[in-house]
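Use the sequences and the hints to build the structure in full.
Single-letter residue listing:
Number of protein chains: 2
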Amino acid sequence: MISIDFANCLSSRVGAHGVDPAKISPGSAAADAIQSHTARLAKTRGTGWERWRELPFDPMKKDHLAQVKAAVKAAHGKFDNLVVLGIGGSALGNIALQSALNPATYNLQAPVDRKGPRLFVIDNVDPAYFASVLDLCEQQGGLGRTLFNVISKSGETAETAAQFMVIRDLLKKALGPNYGSNIVAVTDPAKGTMRQICEREKFTTLPVPDGVGGRFSVLSPVGLFSAAMCGIDIDALLAGAAAMDTRCSNPTLAQNPAAMLATLLVELGTSLGKPNHVLMPYCNQLYLLADWYRQLWAESLGKKNDATGNPVYAGFTPIKALGTTDQHSQVQLYREGPNDKVLGMIEVEHFSRDVTIPTGLGVDALQYLEGKHMSALLAAEKRATEYAFVDSLRPNYTIRMPRVDAHHVGEFISLWQIATAYAGLLLNIDAYDQPAVELGKQATFGLMGRAGYERFQTQVHGALGATEWVV
Amino acid sequence: MISIDFANCLSSRVGAHGVDPAKISPGSAAADAIQSHTARLAKTRGTGWERWRELPFDPMKKDHLAQVKAAVKAAHGKFDNLVVLGIGGSALGNIALQSALNPATYNLQAPVDRKGPRLFVIDNVDPAYFASVLDLCEQQGGLGRTLFNVISKSGETAETAAQFMVIRDLLKKALGPNYGSNIVAVTDPAKGTMRQICEREKFTTLPVPDGVGGRFSVLSPVGLFSAAMCGIDIDALLAGAAAMDTRCSNPTLAQNPAAMLATLLVELGTSLGKPNHVLMPYCNQLYLLADWYRQLWAESLGKKNDATGNPVYAGFTPIKALGTTDQHSQVQLYREGPNDKVLGMIEVEHFSRDVTIPTGLGVDALQYLEGKHMSALLAAEKRATEYAFVDSLRPNYTIRMPRVDAHHVGEFISLWQIATAYAGLLLNIDAYDQPAVELGKQATFGLMGRAGYERFQTQVHGALGATEWVV
Numbered sequence: 009m010i011s012i013d014f015a016n017c018l019s020s021r022v023g024a025h026g027v028d029p030a031k032i033s034p035g036s037a038a039a040d041a042i043q044s045h046t047a048r049l050a051k052t053r054g055t056g057w058e059r060w061r062e063l064p065f066d067p068m069k070k071d072h073l074a075q076v077k078a079a080v081k082a083a084h085g086k087f088d089n090l091v092v093l094g095i096g097g098s099a100l101g102n103i104a105l106q107s108a109l110n111p112a113t114y115n116l117q118a119p120v121d122r123k124g125p126r127l128f129v130i131d132n133v134d135p136a137y138f139a140s141v142l143d144l145c146e147q148q149g150g151l152g153r154t155l156f157n158v159i160s161k162s163g164e165t166a167e168t169a170a171q172f173m174v175i176r177d178l179l180k181k182a183l184g185p186n187y188g189s190n191i192v193a194v195t196d197p198a199k200g201t202m203r204q205i206c207e208r209e210k211f212t213t214l215p216v217p218d219g220v221g222g223r224f225s226v227l228s229p230v231g232l233f234s235a236a237m238c239g240i241d242i243d244a245l246l247a248g249a250a251a252m253d254t255r256c257s258n259p260t261l262a263q264n265p266a267a268m269l270a271t272l273l274v275e276l277g278t279s280l281g282k283p284n285h286v287l288m289p290y291c292n293q294l295y296l297l298a299d300w301y302r303q304l305w306a307e308s309l310g311k312k313n314d315a316t317g318n319p320v321y322a323g324f325t326p327i328k329a330l331g332t333t334d335q336h337s338q339v340q341l342y343r344e345g346p347n348d349k350v351l352g353m354i355e356v357e358h359f360s361r362d363v364t365i366p367t368g369l370g371v372d373a374l375q376y377l378e379g380k381h382m383s384a385l386l387a388a389e390k391r392a393t394e395y396a397f398v399d400s401l402r403p404n405y406t407i408r409m410p411r412v413d414a415h416h417v418g419e420f421i422s423l424w425q426i427a428t429a430y431a432g433l434l435l436n437i438d439a440y441d442q443p444a445v446e447l448g449k450q451a452t453f454g455l456m457g458r459a460g461y462e463r464f465q466t467q468v469h470g471a472l473g474a475t476e477w478v479v
Numbered sequence: 009m010i011s012i013d014f015a016n017c018l019s020s021r022v023g024a025h026g027v028d029p030a031k032i033s034p035g036s037a038a039a040d041a042i043q044s045h046t047a048r049l050a051k052t053r054g055t056g057w058e059r060w061r062e063l064p065f066d067p068m069k070k071d072h073l074a075q076v077k078a079a080v081k082a083a084h085g086k087f088d089n090l091v092v093l094g095i096g097g098s099a100l101g102n103i104a105l106q107s108a109l110n111p112a113t114y115n116l117q118a119p120v121d122r123k124g125p126r127l128f129v130i131d132n133v134d135p136a137y138f139a140s141v142l143d144l145c146e147q148q149g150g151l152g153r154t155l156f157n158v159i160s161k162s163g164e165t166a167e168t169a170a171q172f173m174v175i176r177d178l179l180k181k182a183l184g185p186n187y188g189s190n191i192v193a194v195t196d197p198a199k200g201t202m203r204q205i206c207e208r209e210k211f212t213t214l215p216v217p218d219g220v221g222g223r224f225s226v227l228s229p230v231g232l233f234s235a236a237m238c239g240i241d242i243d244a245l246l247a248g249a250a251a252m253d254t255r256c257s258n259p260t261l262a263q264n265p266a267a268m269l270a271t272l273l274v275e276l277g278t279s280l281g282k283p284n285h286v287l288m289p290y291c292n293q294l295y296l297l298a299d300w301y302r303q304l305w306a307e308s309l310g311k312k313n314d315a316t317g318n319p320v321y322a323g324f325t326p327i328k329a330l331g332t333t334d335q336h337s338q339v340q341l342y343r344e345g346p347n348d349k350v351l352g353m354i355e356v357e358h359f360s361r362d363v364t365i366p367t368g369l370g371v372d373a374l375q376y377l378e379g380k381h382m383s384a385l386l387a388a389e390k391r392a393t394e395y396a397f398v399d400s401l402r403p404n405y406t407i408r409m410p411r412v413d414a415h416h417v418g419e420f421i422s423l424w425q426i427a428t429a430y431a432g433l434l435l436n437i438d439a440y441d442q443p444a445v446e447l448g449k450q451a452t453f454g455l456m457g458r459a460g461y462e463r464f465q466t467q468v469h470g471a472l473g474a475t476e477w478v479v
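Protein chains in written order, with this note's numbering: chain A, 9 to 479; chain B, 9 to 479.
In short, the hints are calculated from the structure, not lab data.
Mixed in with the good hints there might be a few duds.
Pairs involving identical chains hold if they fit within one copy or between any two copies, as the list cannot separate such chains.
[Said to hold, decoys possible] With a cut-off of at most 20 Å between alpha-carbon atoms, the simulated EDC-like pairs for lysine to aspartate or glutamate come out as follows: (1) Lys-328 with Asp-348; (2) Lys-380 with Glu-462; (3) Lys-70 with Asp-241; (4) Lys-77 with Asp-196; (5) Lys-77 with Asp-66; (6) Lys-380 with Glu-164; (7) Lys-51 with Asp-66.
Okay, structure coming up:
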């Protein structure tokens, strides 16, 4: 069971840079707020944009698991490569699950050592990158042994659409009329451009359920299909998420990890001048979970207007870091720069493997390392850094994960998703929209010549124009 | 030649959130300051902690190139895997060069397609990660065909020392008395723990030159050896750095890219409330250069005291992002959250490869993409995002790179290193120390039982102790 140790976020540890413990004690305004927000969330869960809360529970869970497992079974043994085409919420969760739950060397392993095909998640339209991955697939296994998992609710996201158009054409040329067997689309079950294409071309599809926004979709078929293809235990993942959901349905602040996390981060971010939120796992496998968290936290809470339309420019800047690595890169700033951050560390209690530092080097200065476990060094570095942060009055907390497995990663995902829902309520903003993304999309359409968006060409050139301010 | 377009950092584009053009015009205080700082840097270059300025020039260049090339030649054809053991400045540059200048699929390519051995840079003591890489090397080529490049000036960095002790023992057991042929150490040429070990065990060594700090060392043998082993053109890299150095020795602000970058970022960061500095390449290969930049910018400028000892808590928080990917993750926050960032974009003018989006899908909504280049879509997305930033009055600039090759990456590195030197002078802080890193190192020694550091055990336990603040 994941736990959060937040003593170092309190004024008792970091003085005026921390939260007064009285402010979060039973009977406090914060505790009362959580009680009422929890009651509200209990009512809204499973409705509107909060349908994601029900993903780890039946009937959604049962339906999705059955569909995903059937698609995985149908693909079993047929593919050497799995290429996910998606961006944002249609890629970050896939990357996070794979890097957290399979070894860093997964794609390099011999087929017999891997639990599934090589996995590539192409979440950009950099042509050199895209071409290099396609080349690799052609060389190793071939296009016929490559499954493309295109993920787009509407089918109109420009990046994913462009990628899809390229691979559809390549597959048609290489495989002829049966090219559709190499595509699994995750898309809207009823409507939209991608749905139309899938019906017309008879692709296997899996649903992006209604009411599940991109950044809340990792526990839907969006994230589950590629994970299951690579041997990740998706039942355990959902069970972990469900267990955390239950803990986070508790109206008592002191017993609800998501509510406590949201309360502390909002208080530190809004009243105590710490709008920058670092997430720093002491574990390589968890590093890319921080990218998933970055989208969730930034896009949900970064809002110009509150729920009543008043300008608030809310939001916190999520920053990913890695321990111990970033001790040698960012900790100088985190300790001596502006005191504008909350430092979230993640500690793993038991690693799946350990390495013993051997004896026999015979050098005095390194004697203290001999015979120790590498995990003990990692734990000491983390503890020492925590100590150094407190010494500089930098608020910090530790998420403790017993081990890195599907169950605990499921807990972690659910923890942050529910914390985001609470933070939205505490900030009084809509955590489920992303209005500021539209202008760039429309301007892209304009610059690319899409009919109906021509006016943006003039607007962009007018606003940016030519300039002498170049060096 | 790299150029910087900074029009969108000015008040003429982003109002009160930008720099008044008069403040950086000829004769301004900023222009005068740059004139005198440039004169000062011309005097200090090549001395003290500014010896890094001379790395791209003879005699340092000639000496290093000769030594590195001799070591590469001696290793030629003998190794399938190259494993760098280092952390912070002994790893970030290596990772950045490899990801910028070799394809993302490099390690997966067949040997005939690669320009050198597989490269792994293990910059952490996560035991599961470390073990997975060692397993891979044992399975693919074997330890006998694996070269370990240990990088540590002193040899006492705990993480690198622990890694080194493990691989030394493994190699001895696997290869017997000749195990030293599988180690190339980059370390202090004269003194220190690693130097002693190298002398005793007769390893091939390359120098970490005096006066070159970790975060300024990528253009020394620290970064050059692994790059050259993987076929990167290190002559072109240094030539690019030298060319940029020459441009950045110009005392005229408007003609000196590093001085302009530093002037704008310091002004925006200190007077205009933008202490968060995002670097967002629109190019996957350049993404990990942003990690190298993160260390340089954070550790150099994040300082509690100014040069006269007054507390200033200076520094800017470097944040890495990737275009277009993070348009679907961070841009909502960047446009509507707190206006506390400068957004640095990197644009590549010519990609090494391009992909044409095919015609023939026959879907109205996607018609506009047909026949276009993927690079055109990427460029349009970047331009559209720039427009959206300006529309929200968010200051931003574009570093334009003609193409991603060793020469231009050398320019980029030199640009930021020299900008850091200017920023240190503008902030009146010491850009070359990292005092805040010491406490964590000492506490780690204490917790690991190193003689002489016992007091830290009591101090850490006293400061952090047991706590009830867990949920």
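Since the copies are identical, ignore which copy is meant and state whether Lys-70 and Asp-241 lie within 20 Å (CA to CA) inside a copy, between copies, both or neither.
-> Answer is within; shortest intra-copy Cα gap is 15 Å, inter-copy 55 Å.
Could you figure out if Lys-77 and Asp-196 sit no more than 20 Å apart (CA to CA) within one copy, between two copies, both or neither?
-> For Lys-77 and Asp-196, the Cα distance is within 20 Å only inside one copy (19 Å; across copies 56 Å).
Classify it for me, Lys-380 with Glu-164: is the Cα-Cα distance of at most 20 Å met within a copy, between copies, both or neither?
-> between (54 Å within a copy, 16 Å between copies)
Should Lys-77 paired with Asp-66 be assigned to within, between, both, or neither, using CA atoms and 20 Å as the limit?
-> within (16 Å within a copy, 63 Å between copies)
20 Å Cα cut-off: does Lys-380 pair with Glu-462 within a copy, between copies, both or neither?
-> between (66 Å within a copy, 17 Å between copies)
Go through the copies and call it for Lys-51 and Asp-66: within, between, both or neither, with a Cα cutoff of 20 Å.
-> For Lys-51 and Asp-66, the Cα distance is within 20 Å only inside one copy (17 Å; across copies 72 Å).
Between copies, within a copy, both or neither: which fits Lys-328 and Asp-348 at Cα up to 20 Å?
-> Answer is both: 15 Å inside a copy and 18 Å across each meet the 20 Å cutoff.
When the structure is compared with the earlier hints, no violation turns up for any of them.
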